[in-house]
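> Quick note on my numbering: the sequence shown kicks off at 1 and runs consecutively.
Do not take every clue at face value.
[As the list claims (entries may be wrong)] Computed cross-link-like contacts, EDC-like style, restricted to lysine to aspartate or glutamate with a CA-CA straight-line distance of at most 16 Å:
(1) LYS111 - GLU128
(2) LYS111 - ASP158
(3) LYS398 - ASP448
(4) LYS398 - GLU365
(5) LYS554 - GLU525
(6) LYS554 - GLU522
(7) LYS554 - ASP517
(8) LYS111 - ASP74
(9) LYS554 - ASP521
These are computed hints drawn from the structure, not numbers from a lab.
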Amino acid sequence: MTQALSDDAVRRALTRDTMLRLAHDAEQALVIVRKDDHRARVYETEEELLSAAVERYLVEARTRRRWTGQVDRDWSFRKNGNANAATILRFCAFLGYPLPSTPDVEALYEKALDELRSDETPRDRWAEVTVTYRLIRSLRASGRPADALPLAMAQHPDSLFDSGAEPRAGDIQFEAGACLLELGQTAEVHGALGELESYWETSEAQFYSTRHRYGYILALADQAAGEAARAVARMTAALEHLEQSRVDDTRHDVYELSLVLTLAELLALTQQDNDHAVTLAARALEVAERIRGRWGVISRARTPLSTAFRRVYGDIALLADALRGPGAAEVGLRVCLAAKQTGLAAQMRAEMSLLPLQLQGLIDEVLRAEQVDPADDVTGRAVDTDAARRQREKQDDKLATLHRRIEQRVNPILAEMTLPTPTDLTALRRAVGTRYALDFAGLPDSLDTGTNWYRSLIRPDEGVTFERFDPGAELTDYVSGRRARDPEASLDLTLGRPDWYLLACRVLPAELRHLLDAVTDEPLELVISAHQELCLLPWAALALDRQGTRLVRKALLTQTPVLTCLSEAPPPAVTGPALVRVVSPDEAGASVDREAWGLTFDEDRILLTLCSLDGRQSTPNAFPRLTTALRSDLDCGLIHVKAHGAGHGLDQHLLLPEEVDTGGHLSAAYALALRWPASTLLVSCEVGAVTNVADIEPVGLVVAVLTGGGRCVAAAIEEVARLPTSRMAAHLVGLIRSSDGQHAALRLDQALRLAQLHFIDEPEANWALFNAYVR
1 MTQALSDDAV
11 RRALTRDTML
21 RLAHDAEQAL
31 VIVRKDDHRA
41 RVYETEEELL
51 SAAVERYLVE
61 ARTRRRWTGQ
71 VDRDWSFRKN
81 GNANAATILR
91 FCAFLGYPLP
101 STPDVEALYE
111 KALDELRSDE
121 TPRDRWAEVT
131 VTYRLIRSLR
141 ASGRPADALP
151 LAMAQHPDSL
161 FDSGAEPRAG
171 DIQFEAGACL
181 LELGQTAEVH
191 GALGELESYW
201 ETSEAQFYST
211 RHRYGYILAL
221 ADQAAGEAAR
231 AVARMTAALE
241 HLEQSRVDDT
251 RHDVYELSLV
261 LTLAELLALT
271 QQDNDHAVTL
281 AARALEVAER
291 IRGRWGVISR
301 ARTPLSTAFR
311 RVYGDIALLA
321 DALRGPGAAE
331 VGLRVCLAAK
341 QTGLAAQMRA
351 EMSLLPLQLQ
361 GLIDEVLRAE
371 QVDPADDVTG
381 RAVDTDAARR
391 QREKQDDKLA
401 TLHRRIEQRV
411 NPILAEMTLP
421 TPTDLTALRR
431 AVGTRYALDF
441 AGLPDSLDTG
451 TNWYRSLIRP
461 DEGVTFERFD
471 PGAELTDYVS
481 GRRARDPEAS
491 LDLTLGRPDW
501 YLLACRVLPA
511 ELRHLLDAVT
521 DEPLELVISA
531 HQELCLLPWA
541 ALALDRQGTR
551 LVRKALLTQT
561 PVLTCLSEAP
571 PPAVTGPALV
581 RVVSPDEAGA
591 SVDREAWGLT
601 FDEDRILLTL
611 CSLDGRQSTP
621 NAFPRLTTAL
631 RSDLDCGLIH
641 VKAHGAGHGL
651 DQHLLLPEEV
661 DTGGHLSAAY
671 ALALRWPAST
681 LLVSCEVGAV
691 TNVADIEPVG
701 LVVAVLTGGG
711 RCVAAAIEEV
721 ARLPTSRMAA
731 HLVGLIRSSD
741 GQHAALRLDQ
751 ALRLAQLHFI
761 DEPEANWALF
771 NAYVR
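Using the sequences plus the hints, can you model the full thing?
What follows is the structure, encoded as structure tokens:
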């Protein structure tokens with residue numbers, strides 16, 4: 001947009017509205033492809049589907065002319081092909097995902113119009129108006145408002161009379177006003193559109209569902225001109241018009257989301273009626289979730305539709321931060337949880353070949369359940385409110401039933417990660433219980449100016465605080481240093497010597513730091529759900545003061561990949577027996593691990609050992625392989641594995657030579673199908689790196705273990721030194737095996753904290769890179 005449109009709030013509203021309208025029309029074009037082409041259901045990524053859809057529509061646009069007498073029978077195929085391809089291409093380009101070999105979008109719209117205008121009388125006046133509107137919008141979205149404006153102004157409502165497309169007048173007038181605003185001609189908006197007021201107030205147009213679009217664009221012009229009170233009044237009236245005359249389809253959901261969110265932002269900006277703005281913000285989130293559910297979109301995927309939702313969520317988070325009170329904080333927390341909510345089934349589908357057979361069928365069932373049955377789909381039919389409602393209810397019931405079945409037969413975390421449900425803050429507070437929970441999210445916004453950071457603190461008294469914060473150069477420098485390290489170089493035991501106190505001041509809320517300062521005896525229990533760069537932070541090493549008091553001294557730290565998957569009860573105390581597997585070329589490190597369990601036999605001969613926690617005789621060769629043990633009825637409370645770890649996502653793995661069926665690997669994908677005990681200690685490099693970034697699910701070995709029934713997993717987030725790591729793990733094992741009863745009831749996260757405190761005076765890499773993950 002031009003510099004003349006200097007009001008960020010107005011620019012944000014126009015950008016978001018354009019993005020949502022393009023997303024809606026592109027998604028509708030994809031629905032047609034999914035319904036008519038069974039191959040569309042096997043594409044692994046949304047990009048592949050989008051590219052295939054465009055190619056299909058371009059083929060349709062080249063349909064040969066077939067004549068019956070003097071009538072061309074196939075003009076509508078060519079029109080649809082050109083128009084739908086153009087819509088998908090413009091949406092992808094607007095979101096920054098231009099598809100390869102993109103033809104000229106506006107030329108495709110012109111070709112569609114040529115098919116409609118080949119006779120003196122348009123073949124389909126409704127279609128001609130609709131394609132013209134999309135051409136106008138496309139010109140403006142591509143940065144050409146001066147070219148779009150004359151075309152928009154030429155579409156006077158009188159010219160739409162008796163076309164069936166009269167309601168499109170509201171959309172077209174919105175585009176005309178938007179062009180003027182983007183050209184810096186704010187004062188001209190009312191002059192150009194004001195004469196149409198009587199049309200909308202006195203004719204049958206007052207009953208059109210798009211009447212609100214006229215009031216909406218005039219309100220944005222008022223806002224751009226500094227007439228905030230008039231803008232609020234006009235937007236409020238536009239929202240009332242929408243509520244009175246809307247129809248039940250996704251187009252009107254998008255209208256509602258755009259208008260409600262803009263009105264809430266205006267109220268926040270002018271500090272008018274905070275409570276009403278909070279109500280509107282919550283409503284915007286609910287509408288966004290409804291749209292996302294209908295479209296079957298996971299906001300975390302690396303796709304245009306997902307990017308659109310992340311930006312909308314980012315706008316709602318910005319709004320929540322600008323508002324006051326507990327209601328605003330709850331909206332902020334909910335939207336960040338929604339943005340980070342997983343769609344593990346989609347990633348599993350993309351990496352289906354890595355999964356064991358028993359999970360492949362389950363994931364196929366989940367993905368089928370998310371698709372609307374073509375026999376039930378009302379898209380493209382004449383509007384039938386009852387049919388649309390029945391379709392939604394049937395789809396919701398099907399998904400809820402499958403969610404309950406997975407929850408009961410497999411695991412609650414797998415149900416939540418494959419079929420996520422809207423966040424229930426009451427249930428979340430109950431799950432947090434007596435702990436404190438700290439949630440982070442890094443989100444873009446509609447203006448796409450970078451990442452905005454947010455944090456929420458949930459207290460045991462059920463209070464919630466939400467705020468935007470700046471992680472500063474300290475976090476950027478630390479993460480850049482960790483990512484740029486030479487994998488062939490020796491380990492940097494001090495992790496680059498960051499200022500641990502400044503890092504703590506940047507990322508921890510002041511309220512939490514104040515609470516931690518007051519801790520003198522029992523540590524404060526803190527659950528952290530990190531995001532993006534914060535996933536690489538060794539939280540235990542953060543310093544709470546200039547004297548170097550580490551966070552681990554004051555807090556019992558646990559991590560969770562997604563806060564919505566948190567169990568109500570903290571992890572249980574470690575119980576026996578323990579299944580132990582030590583694989584290490586480092587004899588010194590291996591001997592330390594074996595001595596911790598009292599193992600004296602030859603490692604080459606012994607693969608798995610079943611060890612008691614009370615010092616009694618261990619049982620060698622309990623099972624030939626770990627996977628065999630975890631598929632059996634073995635009653636085991638702890639797994640302890642020391643082996644090399646590597647990889648990312650579902651391919652993240654441990655190297656276990658005896659696992660010959662899977663090439664000597666135990667991958668996260670395979671681990672999903674195993675039954676894991678309550679506690680798992682993984683003394684390996686990198687497998688604790690639960691990389692929870694914007695567009696990739698936090699999938700890895702840790703998540704697989706938690707999904708498979710584990711309650712607590714201790715693992716390292718980076719490469720670690722063998723001997724110091726073995727020493728710390730041995731100390732941890734000694735704590736949980738203590739025969740004097742002093743530590744008999746320790747949980748794994750508690751044992752990890754005590755082990756880290758024991759070695760806290762050593763370099764950070766020797767103790768701080770281990771996290772305890774819970775569900």
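> Are the hints correct? Go through all of them and say.
Going down the list of hints, with the structure as the test:
no.: 1; hint: LYS111 - GLU128; in the structure: holds (11 Å)
no.: 2; hint: LYS111 - ASP158; in the structure: violated (25 Å)
no.: 3; hint: LYS398 - ASP448; in the structure: violated (36 Å)
no.: 4; hint: LYS398 - GLU365; in the structure: holds (11 Å)
no.: 5; hint: LYS554 - GLU525; in the structure: holds (9 Å)
no.: 6; hint: LYS554 - GLU522; in the structure: holds (8 Å)
no.: 7; hint: LYS554 - ASP517; in the structure: holds (8 Å)
no.: 8; hint: LYS111 - ASP74; in the structure: holds (14 Å)
no.: 9; hint: LYS554 - ASP521; in the structure: holds (8 Å)
Checked against the numbered hints listed earlier, the structure breaks hints 2 and 3; every other hint is satisfied.
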